[in-house]
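Chemist: Each protein sequence line maps, in turn, to chains A and B. If you number the first sequence the way this note's numbering does, the last residue is 376 and the count never jumps. If you number the second sequence the way this note's numbering does, the last residue is 376 and the count never jumps.
One or more hints might be untrue.
Just so you know, same-sequence chains aren't split out, so a pair can sit in one copy or run between any two.
Subject to a maximum C-alpha distance of 16 Å in a straight line, what follows is the list of computed EDC-like cross-link-like pairs (lysine to aspartate or glutamate) [stated by the list, open to error]:
hint : residue 1 : residue 2
1    : Lys75     : Asp324
2    : Lys164    : Glu247
3    : Lys228    : Asp240
4    : Lys368    : Asp288
5    : Lys352    : Asp201
It is worth saying that the hints were derived from the structure and are not from the lab. Source: prediction; values computed, not measured.
2 protein chains.
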Amino acid sequence: MKNTILVVGSVALDSVETIHGRTKRALGGSAVHFSLSASQFSPVKMVGVVGEDFPEKYRGYLKRRNICLEGLEVNPGKTFHWVGRYDRDFKNAETIATELNVFRHFKPKLNGDHARCGVLFLANIDPDLQRQVLDQMGRPRLVACDTMNYWISLKKPSLLKLLKKVDILFVNEEEARQLTGEYNLIKSARQIMKMGPRGIIVKRGDAGAMLFFKDNVLSIPAHPVEKVVDPTGAGDTFAGGFMGYLAAAPDWKNFDVIRRAMSYGTVMSSFNVEDFSTKSVGTITKSKICSRFDKYVDALHIR
Amino acid sequence: MKNTILVVGSVALDSVETIHGRTKRALGGSAVHFSLSASQFSPVKMVGVVGEDFPEKYRGYLKRRNICLEGLEVNPGKTFHWVGRYDRDFKNAETIATELNVFRHFKPKLNGDHARCGVLFLANIDPDLQRQVLDQMGRPRLVACDTMNYWISLKKPSLLKLLKKVDILFVNEEEARQLTGEYNLIKSARQIMKMGPRGIIVKRGDAGAMLFFKDNVLSIPAHPVEKVVDPTGAGDTFAGGFMGYLAAAPDWKNFDVIRRAMSYGTVMSSFNVEDFSTKSVGTITKSKICSRFDKYVDALHIR
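One chain only, chain A, in its complex shape (with noise of 0.2 Å):
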């Protein structure tokens, strides 16, 4: 299972209020809008956990995405529900609510076919939790994570422990700072590089994303996009186009690859972006994924 991914992160009911409406109990979670963005381009399998109240239609949803949901826990209580809102210029969440219920005691367990999937994205979990998952891993030929900056302050050593085992690393421009102390993108990102990772994307949001991987540094625009109408899970759709994209792969490490998968992360966040919850993503066709894929990249070859 060279090319399955697993991924392990929240599965959440997003409430979520923007200028262009709002959402009641929407699906949202970080292991959600990743497999949704990853699975249009290598099978997924996730694991997590829900409440009994998760809806059965939100199951078959994934499902239809070929989704393997195996690894979906069904535990007592209520599935993690996070309430949210955006204010016009969309740059930062208010939280009004996070409801953590089964989540708060998620312990990621694997089963044989999970430990066998060549690459590995550790959603932004507690590191100690990732670092469980990758131990019970056989041996993946890539692995991945993202985090946030509530452990970077909070759990540092068991985030550093992580981040030597590693392949790539997300962050946006605050935790790269933060993880380094260096305002410095490039110079940040070259300390974390000295952690573990011999890549980092630094997400940037409608500035685009950055790319370090070992001497290479690589920065991409957003896709210009004309009504943004939640961006919620965007960055974790960007990880699954990135992520999806380099599992189909025979190498990942060859830049060219690399490159084009930063430009599907950025083309599936970009969708992400324009509907609210999962709308969009959970229901592009491929074909109109790669319509925007040549548009985005004809427009970059400037010659």
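Following the hints, complete the assembly by docking chain B onto the known chain A.
Modeler: Quick look at chain B alone, frame taken from chain A:
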């Protein structure tokens, strides 16, 4: 003089402090930053005003870059002096003092050679003065202008009159939003196009730049810079590279030409921020520019 650029704007002495040091009365001003950048590509004539204190060495520095200073008036009094400071994130300049001095009564006067220039760049000055300059011109084949929040709030009617006669407008994100009341940059640019310009360039600092030209939308990243020393003049340096390259091209309306011009603007501004004042752009060789251009463009050739 089809390819000669006339620039009208400020010539200043800048005292700037950043985390990397400080300058005292160093060469600055929008017309200066623009000219040093544009003169790498096309002949430039400058119209501006300085006081009797303007150092002879600065005059020589500009002349050595083949910038025509016949239109640089010397008036009794002191040269425009700006005192500013940047935080370590370089996002916003804090103005400590603005001593307009002779610039307060600047009335641009064009001679016959100026009026026959094929390309005009109206750097950020009072839109009434910008319009007076335009009225003195023959039939320039390309007119571009810059502006700022101050004129948008205080002299919007004058600015709107000017925009009717302008081909390309340079703004930053906030100015685009302020001018239209529209937050989304694509929508905002489309509204600005209805005011006259067929091309809008939105300068976004380290997030790169966006170009709107007729139906085309192009977003390009900044060239990653490892040590930002002083961003003063980066926007005018961008405009200089962009306009300098366009002026030298047989058909500036060709989109491939415009995309290359955007890239040269990006590259020139990346040099600008690497040193104080005009130290980097004023001394850079054409071969260094070309080599960074090739590197920048190649990195974006995703295939």
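Chemist: For each hint, tell me whether it holds in the structure or not.
Modeler: How the hints compare with the structure:
1. For the homomeric pair Lys75 and Asp324, the shortest alpha-carbon distance inside one copy (11 Å) is at most 16 Å, but the shortest distance between copies (52 Å) is not.
2. In this assembly of identical chains, Lys164 and Glu247 lie within 16 Å of each other by CA distance both inside one copy and across copies; the values are 13 Å within and 14 Å between.
3. In this assembly of identical chains, the alpha carbons of Lys228 and Asp240 never lie at most 16 Å apart, being 20 Å within a copy and 54 Å across copies at closest.
4. In the homo-oligomer, the alpha carbons of Lys368 and Asp288 lie at most 16 Å apart only across protomers (14 Å), although the nearest pairing inside one protomer, at 28 Å, exceeds that limit.
5. Taking CA atoms no more than 16 Å apart as the test, Lys352 paired with Asp201 passes in neither setting, with 32 Å inside one copy and 50 Å between copies.
Consistency note: the structure conflicts with the earlier hints numbered 3, 5.
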